[in-house]
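Asker: Okay, here's what each chain looks like letter by letter:
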Amino acid sequence: MRSSVADIASGLAVLVIAGAFHAQSGDLEGVSLLFPRMLIIFMALGGIYLCVLGLLKGRKGEDAPQDDEPVAVTRVVMISAGAIAYVAIIPVLGFYLASALYLFGMSMVLSDASGGTRKKALASAAFTVVLCLFVWIGFAMLLGVPTPEGMLF
Amino acid sequence: MMEFIGPAIGHLFEPLNILLMVAGLTGGIIVGALPGLTATMGVALMVPATFAMDATSGLIMLGAIYAGAIYGGSNSACLICTPGTPSSVATTFDGWPLCQAGRADIGLITSLLSSVFGGIVGTVFLLFLAAPLARFALQFGGPENFWLCIFGLSTIAVMSSGNMVKGLLSGAMGLLVSTVGIDPNVGVPRFTFGYYPLVQGIEVIPAMIGLFSFSQVLYLIGSYKPFIADYKPAPGAFGEVVRALVGRCKVNLMRSSIIGTLVGMLPGAGGEIASIISYNEAKRWDKNPERYGTGVIEGVAASESANNAVIGGSLIPMLTLGIPGSAVAAVILGALLAKGIQPGFKVFTATGDLAYTFIMSQFAVNLLMIPIGLLLARIMTKLLSIRLTFVAIAIVVLSVIGSYAIRNSMLDVWIVIVFGFLGYFSGRVGLDTGAMALGIILGPMIEENLGKCVHLSKASGGSVINVFLESPIAILLIVLTLLSLATPFLLDWKRKRRDCGCDIAQPKENSTHA
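Heads up: the sequence lines are chains W and Z, in that order.
When we follow full-length UniProt numbering, the leftmost residue of the first sequence carries the number 1, and every step to the right adds one.
When we follow full-length UniProt numbering, the leftmost residue of the second sequence carries the number 1, and every step to the right adds one.
Worth flagging that the hints you see were computed from the coordinates, not collected in a lab.
A quick note: this is a predicted structure, and the numbers were derived from the prediction, not measured.
Any given hint could turn out to be false.
Claimed, not checked - Example chain Z residues on the side facing chain W (calculated, C-beta under 10 Å, incomplete):
#1 T192
#2 A244
#3 V396
#4 L398
#5 W414
#6 R428
The C-beta atom is built at its ideal place from N, Cα and C for all residues, glycine as well.
Please model the complete structure; the sequences and the hints are all you need to start from.
Answerer: Here it is in structure tokens:
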């Protein structure tokens with residue numbers, strides 16, 4: 001990513017967050033508003049500064065590309081979507097069933113294909129069983145840590 | 001005091017107490033290493049078990065879990081860039097780069113030995129200086145605590161000296177996020193965005209798990225690496241770390257341990273603040289501060305010695321005044337009270353046998369931590385030989401259960417996901433997740449103490465400025481904050497002067513050759 005784009009993106013992100021909090025601060029007053037308002041003003045000024053800095057860098061041609069590592073975007077999108085779906089189905093299926101589905105599904109999707117689908121499915125199933133057992137024995141049995149319950153299980 | 005020390009050491013050699021120390025340490029290290037499971041949770045879970053034991057044995061076990069869990073947080077901080085406990089946030093700054101460079105064993109051994117050193121220094125203070133230090137801690141009110149947090153926050157300036165504006169904005173973002181929920185001063189709900197469960201506020205630990213753990217999963221999955229990091233155990237790593245710690249790190253270790261003990265005594269200020277301040281000080285006093293963040297032993301040593309020294313510090317006001325210096329100390333205090341033991345200065349005379357056995361057990365626990373910690377670290381490094389895909393998916397599941405366990409709320413699980421995306425995006429555009437984490441940790445304390453100062457000024461009819469500046473401790477903290485803020489400029493000036501010196505030396509050299 002070019003440094004000018006990074007500056008503008010970060011500036012906009014800061015402005016969006018400051019704006020969202022400002023929009024929510026309508027009914028607040030006194031000590032409740034003092035600290036957040038100071039931060040919102042600081043962030044608004046900082047966000048504008050970063051946007052202007054990014055634009056100036058772009059105009060002056062000082063926006064050398066940063067030496068970022070290449071990113072496997074598809075894999076990032078898949079695990080992100082998987083994680084959101086996983087957390088969303090926990091209240092329905094319960095922690096263990098949702099986790100088993102997530103672990104098996106994600107390891108099938110994200111593992112490399114060398115060795116064939118059958119081998120991959122076996123490895124994914126073994127991984128799912130081992131991790132679910134570890135979590136159940138370690139967290140639920142030994143430590144007594146509660147796990148989210150679902151409507152079905 | 002001396003009449004109690006001999007019998008106290010004798011108690012430590014009882015087989016049951018040795019067993020409890022080993023079990024407590026092992027359990028504590030494992031709990032600490034798992035993201036989301038904190039030292040407080042580990043100790044609280046074991047309190048009911050102590051009811052079946054005599055008070056001395058119960059306290060020994062709780063102390064062992066406490067020490068083990070605070071150290072254990074560094075294992076995941078070094079190996080997967082996920083602080084197991086909030087106290088280990090600063091350990092990730094250099095522990096994770098060491099792991100990425102294939103030197104995970106150096107990071108783990110440094111964190112172990114530094115934790116042991118910090119733990120012992122904290123216990124020495126507890127043993128010999130408990131009374132005067134407890135009186136000093138009592139002088140910390142709203143203004144002093146406010147400036148202490150601002151001093152901690154000034155670390156951002158040193159941490160993000162490469163891009164200070166982005167660092168400061170990230171810190172402000174963290175502070176703003178920490179205002180979500182019930183206002184600590186007047187109890188008004190704020191910034192819930194129409195979603196009622198947000199009244200509970202943003203809990204620090206799920207936010208940390210999201211910023212460091214889930215975002216790290218996205219980063220690792222997005223890389224084309226088959227494993228988290230290359231790792232080959234280096235022969236002689238233990239000796240190398242010992243030589244570094246005894247040699248060039250000894251001042252750093254001692255300074256960080258003293259900072260940890262002093263911060264630990266203050267109610268509300270815990271290992272996370274101590275480790276960040278110590279890291280900052282270590283960087284500030286180093287001749288080559290630019291090395292920090294690239295994987296240096298000094299950074300890990302500063303953070304880990306400070307957070308384990310907090311243990312001794314937090315026990316000082318608990319034992320002498322009955323005021324716990326940390327959440328874990330509060331749980332231990334509860335266990336003491338349940339046994340009918342009233343903390344206070346009398347605890348060292350009326351129940352001196354118990355008090356000194358507990359203090360001496362902290363020495364024993366820290367020494368036992370070396371073999372147990374080394375064994376567990378060796379097992380945990382096996383994580384690096386598992387394929388990255390499996391590790392990343394497993395981290396997501398562990399993050400979910402760890403975050404849910406804090407308040408039994410799905411809100412915390414969603415916080416992990418949201419902060420994970422925020423952390424990943426921040427990393428891509430150059431915002432500083434460390435500074436953001438610092439803001440989230442310090443935000444509630446800053447706001448609460450700011451509110452106290454405003455109320456104090458209204459009650460006294462004076463201005464807030466007077467309240468802020470009226471005590472010598474507050475003024476000292478302000479001076480330290482200003483020094484900390486000036487550090488990046490001083491370092492820059494020093495670097496330019498050094499570069500300038502090289503430039504001048506270069507032509508001379510050339511002219512000699514000519």
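Asker: Next step is simple, just say for each hint if it's right about the structure.
Answerer: Consistency of the hints with the structure:
The beta carbon of T192 (chain Z) is positioned within 10 Å of a beta carbon in chain W (closest approach about 8 Å), and the interface hint is therefore held. Interface hint at A244 (chain Z): violated, since its Cβ lies 30 Å from the closest Cβ of chain W, which is beyond the 10 Å cut-off. A cut of 10 Å between beta carbons decides the hint on V396 (chain Z): the least distance to chain W is about 6 Å, and the hint holds. At its closest, the beta carbon of L398 (chain Z) sits 8 Å from a beta carbon of chain W; the interface hint therefore holds under the 10 Å criterion.
Hint on W414 (chain Z) holds. Least Cβ distance to chain W is approximately 6 Å, under the 10 Å limit. A least Cβ separation of about 6 Å between R428 (chain Z) and chain W falls short of the 10 Å threshold, and the interface hint therefore holds.
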